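Protein chains in written order, with my numbering: chain C, 1 to 420; chain S, 1 to 314; chain B, 1 to 282.
For the record, the hints were derived by calculation from the structure and aren't laboratory data.
It cannot be assumed that every hint is accurate.
Under the rule of at most 25 Å between Cα atoms (straight-line distance), these lysine-lysine pairs were calculated in the BS3-like manner [unchecked claim]:
#1 S:K227 to S:K213
#2 B:K8 to S:K216
#3 S:K92 to B:K8
#4 S:K25 to B:K8
#5 S:K216 to S:K227
#6 S:K25 to S:K122
Bear in mind that the values here come from a model prediction, so they are computed numbers and not experimental data.
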Amino acid sequence: MRSIFKTGAAALAATTMLAGAAHADAHAALSGTLRIVSDMSNPGPRATMEMLAAEFDEMHPDLEVDLTIVDREAWKTQIRNVLSADPPDVVNWYAANRMGPYVNAGLFMDITDWWDAGDYAGLESVRGALTQDGRQWGVPYTYYQWGVYYREDIFNELGLSEPATWEEELANCQVIVDSGRACYTIGTRFLWTAGGWFDYLNMRTNGFDFHMELARGEVPWTDDRVRQTFANWRQLIDMGGFIADHQNYSWQEALPFMINGEATAYLMGNFAVDQLRNGGLTDDQLDFYQFPIITEGLPQGEDAPTDTFHVASGAQNVEAARAFLAYVTSPEVQTRINGPDNLGQLPVNANSSVADDEFLQQGFAMLSQNAQGGIAQFFDRDWPAEMASIGMEGLQEFMVFPDNLDDILERLEAARQRIY
Amino acid sequence: MSSSTTPALPMHEIRAEATWLQRNKMIVTPLLFLLPGMLFFAVYVIFPIFQSFGISLYRWDGLGEATYIGLANYEELLTDRNFEISLVNNVKWLVLYLLAIPLGLFIALFLNQTVVGIRLYKSLFFFPFVLSQVVVGLVFSWFYLPREGLLNTIIMGLGFDSLNILGDPTLATYGIIAAGLWPQTAYCMILYLTGLNAVDPEQVEAGRLDGAKGWKMLWYVILPQLKPATFIAFVVTIIGALRSFDLISIMTNGGPFGSTRVLSFYMFERALSEFGFRMGYGSAIAVVLFLIMLVFIGYFLWQMWRDERDARRG
Amino acid sequence: MFPTPIEKRSRAARITYQSLLPLALILWLLPLIAVMVFSIRPFSDFTQGNYWGVPSSFEFFTNYGMVFFESDMPRYLLNSVFITVPTVIGAVALSCMTGFALGIYRFRGNLLIFFMFIAGNFVPFQILMVPVRDLTVDMGLYDTKLGLILFHVAFQTGFCTLFMRNFIRALPYELIEAARVEGVAEWRIFWFVVLPLMRPAIAALSVLIFTFIWNDYFWAIVLTQGPDAQPVTAGITSFNSQFVAQYHLMSAGSIVAAIPPVAIFFLMQRHFIAGLTLGAVK
């Protein structure tokens, strides 16, 4: 069966060889094995990663690329084990605070020199997200907007339009609920999806700056402003805005609710579009809007998480790792892998072009023109890792048992005082 | 031993060698036979137990230097709410898992007949035990699914509200235990079926003559003869209950909101978590679990020792 | 015999019993039957909410074909074989020796060593986890099949020794004494006298250990990661994330993962049950 995979990869490599050939002569000297562990396990990203590995392998005749793709959720608990016990050369991870534990443990290689040497021209604007303690610890390869993806056809059927304010949002939702549907699908089994909701509600209720103060542990969780965020959230919960039993589902398992029309919208990252299309929704049925304004006058903050590649500090083939990082961040590769046929996300290189895709263009415009508040990474990347994990468990509990709020907030506050 | 001499060697040397071997043969031979097994067992099982005790006194991320912190890990356990939840769940597991024994006995009594095809029935009743806990976990989580699951289809067919067993923190642990009882009951059943085969027919007849029937017969005549089977069933069930890890990891991953954690799972979570390995803290949890188990191990060994002693006398 | 044989009861009781049997079995295996039905459904049944109606088409070959040709499942299955078989051989070989030593010879500490093996066999895995993982990493065996095999052999030696020792104890001791009188060397007694008599025990134990190791999940996720070394119990979770929410494929995958130990059980049932119930009826 392995041979079948190999043939598949080889065929893939052959079709993309033309594209890769341009780079081939420059780095021909690389040899040995380049071991990559990737968490791009969803079907679309998986194909992209396999393509990247095959291309890079093709470009360097003496180099063998050994790619292992592991389950994205499982990787979150495996990465430390892998990096410390059996470090590969290159791994996938996330930017910002989420790097913290691995940087502090000395598991990621300091690649500041490569940044300084000009390996990553066009990436200057995202350098900050990969910086900790004044050094750089990896490179980004993609980022994507978050926002509300909704069923345009159902909105039309119910005579609704995209809401710009919280009042409109609640009014819309009431109509949707009355029509026997849920406003939003969500799957909180792996917790982080609830983090997205909190990010947006808190940024819209209290502003981006307050949100970041909370992330840095400067504000207690029991603050009244935080309670206001939860009160707003509760309005949606109490009116039946979310699908039932969401604590059982992963985010993918929650997709069918939207696909078969039991829920009309999904607050999600742009990676959901690929799966919604695969599920049979056409672009006529799908549309996107920015999360509505709650407190008038606050500049909007947006979540736009960045996914990254890092070199393990125990890497064996550092030269090949360096070449690979330069390769994936190069403008041409960035344009291609973020195109709608591949990741369907936004390129990190300023010299790349954003694909001609309804959702990517909307997202790109939103992030560059309509996010004056600031760009956040995501709940589980902006908060220190341990706080994020306890926090998201609390958010999930709140969504199921909103009455437990006081208890939850006190628990989070106790954790905040211990962790920071 | 007969002294088989080899002429090539001087006489006195052989005699010395032969007598040394002769004197110690009954000790050297078993020692040599034991050596490889003991070596493996010591390196991988015995030493690690003591090492874990040691590690539990340190703060250690599994990589850098370990810092000695005395009993601080244990002190932290006292105020750790998740530890408390895990401990309570462990007790639930221990108590409810024991249901496998009466259930297994019940099915064994039901199947202890000689009708056509009964052998196949026995095998089919038993075979859930052969399935991996991972598969059992998956099978039951799909069985429990709130919409697609067969259980809720049946419940709603009977006119009741659907239950989200694994999504409800008050039900999830019981749902997992029920899944665990499935193979465990099969195990107990087979133990009892074998035991019932060996029940002395004369005693049963004697009991019948004395007018014992049904429950009375079971209680006063049959069960005492099934004591060895009950003992083994008790041993394997207790061990199974305290080892529960796979099912939790597969079915709920400790959730919802951490309500289904048990010590074995919580230890794993802490020691190998994404947010920093806490080997010392994890080891402290493991030590607590070990001490609980030790109570039972002590009891089992005492029972076995008594059997050994009786066997020697007999 | 207890309970009273059904043939001695009334005709009505016999008929009730005969019809109760299959019903009880279906009830008992219901969760599994549900998964089997899932695994032959087309995907469209799930999107249309037809979970429990008649499958709209029979997709056995499509679904199981996906498992075997479009996923890493075959690799995981092979890994499981390469982990399980050497472990069985190793653990049985070691315990034949330890069982012989503890069952035949009387020396001081005999019972103590025996009880050490038993006690070790009962300990919770978690107390071994940190040191064993460290040891495996230090030996450079993390994420290798060998690392898993070594640990499994060591741990199973505890249970196997208990088993073998009790079995050897029950052998006629006169045979060994007779051999000694003849002047047969001790290792030859082991090889030519005891070992042939142990064949049923070896068979029973091999079948038993095979299923234990095949079904291990905890050590698989502690000592390995990824499709290079992971056995199928751990691999199934990656498989499920590849085909997330596609219950027809996930069901087929689980059934494939479960088949080898089930097949072994049905093929070698007598040995299996003999092994499992040893000591339960003495």
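Going through the hints against the structure:
For the proposed pair K227 (chain S) and K213 (chain S), the alpha carbon gap of about 20 Å is at most 25 Å, so the pair holds. The suggested pairing of K8 (chain B) with K216 (chain S) holds, with an alpha-carbon distance near 20 Å, which does not exceed 25 Å. Annotation: proposed proximity of K92 (chain S) to K8 (chain B) is violated, straight-line Cα distance about 42 Å (limit 25 Å). For the proposed pair K25 (chain S) and K8 (chain B), the alpha carbon gap of about 60 Å is over 25 Å, so the pair is violated.
In summary, the hint linking K216 (chain S) to K227 (chain S) is supported, as the alpha carbons are separated by about 16 Å, within the 25 Å threshold. Between K25 (chain S) and K122 (chain S), the direct Cα distance comes to roughly 48 Å. Violation of the 25 Å bound is thereby established for this hinted pair.
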